[in-house]
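*Asks:* Model the full assembly from the supplied sequences, consistent with the hints where possible.
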Amino acid sequence: TTIMAVQFDGGVVLGADSRTSTGSYVANRVSDKIVPIHDFIWTCRSGSAADTQAVADYVKYYVDAHSMELGRLPRVRTVANLMRKICYNNKDNLMAGLIVGGWDPYEGGQVYEIPLGGTIMRQKFALGGSGSSYIYGLVDSYYREGMTREECEIFVKKSISHAMARDGSSGGVIRITTIQSTGVQRQCILGSDVCMAMRWNHDYFYHGLNQRLKDG
Amino acid sequence: SIMSYNGGVVIAMKGKGCVAIAADRRLGVRGHTVAMDFQKIFEMGPHLYVGLPGLATDTITVAQRLKFRLNMYELRENRRITPKTFASVVANLLYERRFGPYFVEPVIAGIDTKTGEPYICNTDLIGCLNEPDDFVVSGTCVEQAFGMCEALWEPDLEPLDLFETISQALVNAFDRDAMSGWGAVVHVIEKDKVTVRTVKTRMD
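Chains as they are written, first to last, in my numbering: chain A, 1 to 216; chain B, 217 to 420.
I should point out that these hints are in silico values taken from the structure, not numbers from a laboratory. Don't take each hint at face value.
Covered stretches of chain B (in silico footprint by chain A; criterion: 3 or more residues with CB under 8 Å from a CB of chain A, positions within the stretch not fixed) [stated by the list, open to error]:
id: 1; segment: 254 to 262
id: 2; segment: 302 to 309
id: 3; segment: 406 to 420
Some, not all, of what chain A presents toward chain B, calculated at C-beta under 10 Å [unchecked claim]:
id: 4; residue: Arg19
id: 5; residue: Lys91
id: 6; residue: Asp92
id: 7; residue: Ser130
id: 8; residue: Tyr134
id: 9; residue: Gly137
id: 10; residue: Leu138
id: 11; residue: Ser161
id: 12; residue: Gly171
id: 13; residue: Thr182
id: 14; residue: Gly183
id: 15; residue: Gln187
id: 16; residue: Gly191
The calculated label-pair distances, taken between Cβ atoms and stated as ranges, are [said to hold, decoys possible]:
id: 17; chain 1: A; residue 1: Asn93; chain 2: B; residue 2: Asp340; range: 39 to 47 Å
id: 18; chain 1: B; residue 1: Met252; chain 2: A; residue 2: Gly23; range: 28 to 36 Å
id: 19; chain 1: A; residue 1: Ser48; chain 2: B; residue 2: Leu291; range: 52 to 60 Å
id: 20; chain 1: B; residue 1: Val410; chain 2: A; residue 2: Ser48; range: 22 to 30 Å
id: 21; chain 1: A; residue 1: Gly23; chain 2: B; residue 2: Asp340; range: 14 to 22 Å
id: 22; chain 1: B; residue 1: Lys232; chain 2: A; residue 2: Ser48; range: 43 to 51 Å
id: 23; chain 1: B; residue 1: Glu366; chain 2: A; residue 2: Val30; range: 20 to 28 Å
id: 24; chain 1: B; residue 1: Arg281; chain 2: A; residue 2: Ala27; range: 48 to 56 Å
id: 25; chain 1: B; residue 1: Thr301; chain 2: A; residue 2: Cys188; range: 47 to 55 Å
id: 26; chain 1: A; residue 1: Pro105; chain 2: B; residue 2: Arg413; range: 51 to 59 Å
id: 27; chain 1: B; residue 1: Leu345; chain 2: A; residue 2: Val30; range: 50 to 58 Å
id: 28; chain 1: B; residue 1: Thr331; chain 2: A; residue 2: Ser192; range: 37 to 45 Å
id: 29; chain 1: A; residue 1: Ser48; chain 2: B; residue 2: Pro348; range: 36 to 44 Å
No experiment lies behind these values; they were computed from the predicted model shown. We treat Cβ as the ideally placed atom computed from N, Cα and C, and that holds for glycine.
*Replies:* This is the structure in structure tokens:
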């Protein structure tokens, strides 16, 4: 699995591969690892599929009731904390690495990472899953502050396609979910377009990299 | 598991006066893909090929040791080896190491140049020969490969049709395996020529 989320001004971009494997058998090659928790708050799942589905379902239920009581859109921070509580208090029995990404009217676009033990960390971008190890260097070199929505989408597609190329447990299609105040859009990058993603806007990023190297 | 440490799959099929042998190109270390151009099919004669899926170090070593035995045979006998005899050479090499085996499960495909008869077989890691009439598979996605071959294979396929059939069987089998893939190479062996093609596949 490779999952990723990046924050930009006014929203977030969430990305994931689509491979579910039992050992070396690919049980599902078009799975959807990005699930909605509320209208503008989605989660990327990694680890045990059963555990993450159960946690996500619980949090969805709690947040639904919470936002109805509140009469307003829930905060992304609230959703992330609910998730964190479940993961931390059941840490002995769960194997779940989650990334919560969403938009709320109070703090805008936010990304929260909840790794195995139940820590919660707010970050500008987050990586998760077995494939993430292969792209830390790539992500660190290509990430810039203040990227636009399109730049974030290309960044996510590029990174995930590189992880899919090297990690045996990642593959299939790239699913992207972009959340903004105006709404949520889902994309699916298939087949040969995945290879293309590795080369997309290469000059643009290369130029950016050179600039950063010059700046020191 | 030792046999799935590096990953890989090889399939061979019989056609009308021809055989085809195909393999993926991945070399991995558990989940990490290290190379996408790793050779698993080796030429042992102008119309005789052996595929060696399994532990990569043994793939290379067994290929080298087989080539040595083959060269000695050709020097002594002063003629090319037949596929059936070569299969026995492979089986013997593997059984010599009965209690500390090479972790490869070879697939042999060739045409007997004298009779023009196509021949395929595979062995387990300690040299038990299996010589069916249709197809053989070996590697980390054997179950998937068996299913694909059983569904797609039919007798007396012409060389071009055989190429299509074996390519589809291989690619769709390893698309369901996390440890194989990242490219495919297919050899089609006919009485007078051998055609090697690389297939463009998903690189995940």
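*Asks:* Work down the list of hints and note, for each, if the structure agrees.
*Replies:* Here's how the hints hold up against the structure:
1. 254 to 262: violated (count 0)
2. 302 to 309: Per the Cβ count (0), the hint is violated.
3. 406 to 420: With 3 residues in contact (Cβ-Cβ under 8 Å with chain A), the coverage given for the segment 406 to 420 of chain B holds.
4. Arg19: With Cβ-Cβ at 7 Å, under 10 Å, it holds.
5. Lys91: Check failed: Cβ of Lys91/A comes no nearer than 24 Å to chain B, outside 10 Å.
6. Asp92: Violated: closest Cβ of chain B sits about 25 Å from Asp92/A, beyond 10 Å.
7. Ser130: Check passed: Cβ of Ser130/A comes within 6 Å of chain B, closer than 10 Å.
8. Tyr134: 8 Å, holds
9. Gly137: Where the cut-off is 10 Å and the nearest Cβ of chain B is about 14 Å from Gly137/A, the hint is violated.
10. Leu138: Since chain B brings no Cβ nearer than about 15 Å to Leu138/A, farther than 10 Å, the hint is violated.
11. Ser161: Since chain B brings a Cβ to about 8 Å from Ser161/A, closer than 10 Å, the hint holds.
12. Gly171: Gly171/A check passes; min Cβ-Cβ to chain B is 3 Å, inside 10 Å.
13. Thr182: Violated. Min distance 32 Å.
14. Gly183: Constraint on Gly183/A not satisfied, violated at 30 Å.
15. Gln187: Hint on Gln187/A: violated, closest Cβ of chain B at ~18 Å, above 10 Å.
16. Gly191: At about 7 Å, which falls below the 10 Å cut-off, the nearest Cβ of chain B leaves the hint on Gly191/A intact, so it holds.
17. Asn93/A to Asp340/B: 39 to 47 Å: Holds, since Asn93/A and Asp340/B (Cβ atoms, about 40 Å apart) stay within the stated range.
18. Met252/B to Gly23/A: 28 to 36 Å: At roughly 22 Å between Cβ atoms, Gly23/A and Met252/B fall outside 28 to 36 Å, so the hint is violated.
19. Ser48/A to Leu291/B: 52 to 60 Å: 59 Å, holds
20. Val410/B to Ser48/A: 22 to 30 Å: 48 Å, violated
21. Gly23/A to Asp340/B: 14 to 22 Å: 21 Å, holds
22. Lys232/B to Ser48/A: 43 to 51 Å: 50 Å, holds
23. Glu366/B to Val30/A: 20 to 28 Å: This hint holds: roughly 24 Å between Cβ atoms.
24. Arg281/B to Ala27/A: 48 to 56 Å: Between Arg281/B and Ala27/A, where Cβ atoms are some 38 Å apart, the hint is violated.
25. Thr301/B to Cys188/A: 47 to 55 Å: Distance hint for Thr301/B, Cys188/A holds at roughly 53 Å.
26. Pro105/A to Arg413/B: 51 to 59 Å: Roughly 58 Å apart at Cβ, these two residues keep to the hinted range, so it holds.
27. Leu345/B to Val30/A: 50 to 58 Å: About 40 Å separates the Cβ atoms of Leu345/B and Val30/A, which means 50 to 58 Å is violated.
28. Thr331/B to Ser192/A: 37 to 45 Å: Given a distance of about 44 Å, which is inside 37 to 45 Å, the answer is holds.
29. Ser48/A to Pro348/B: 36 to 44 Å: The hint (36 to 44 Å, Cβ to Cβ) holds, given that Ser48/A and Pro348/B are roughly 40 Å apart.
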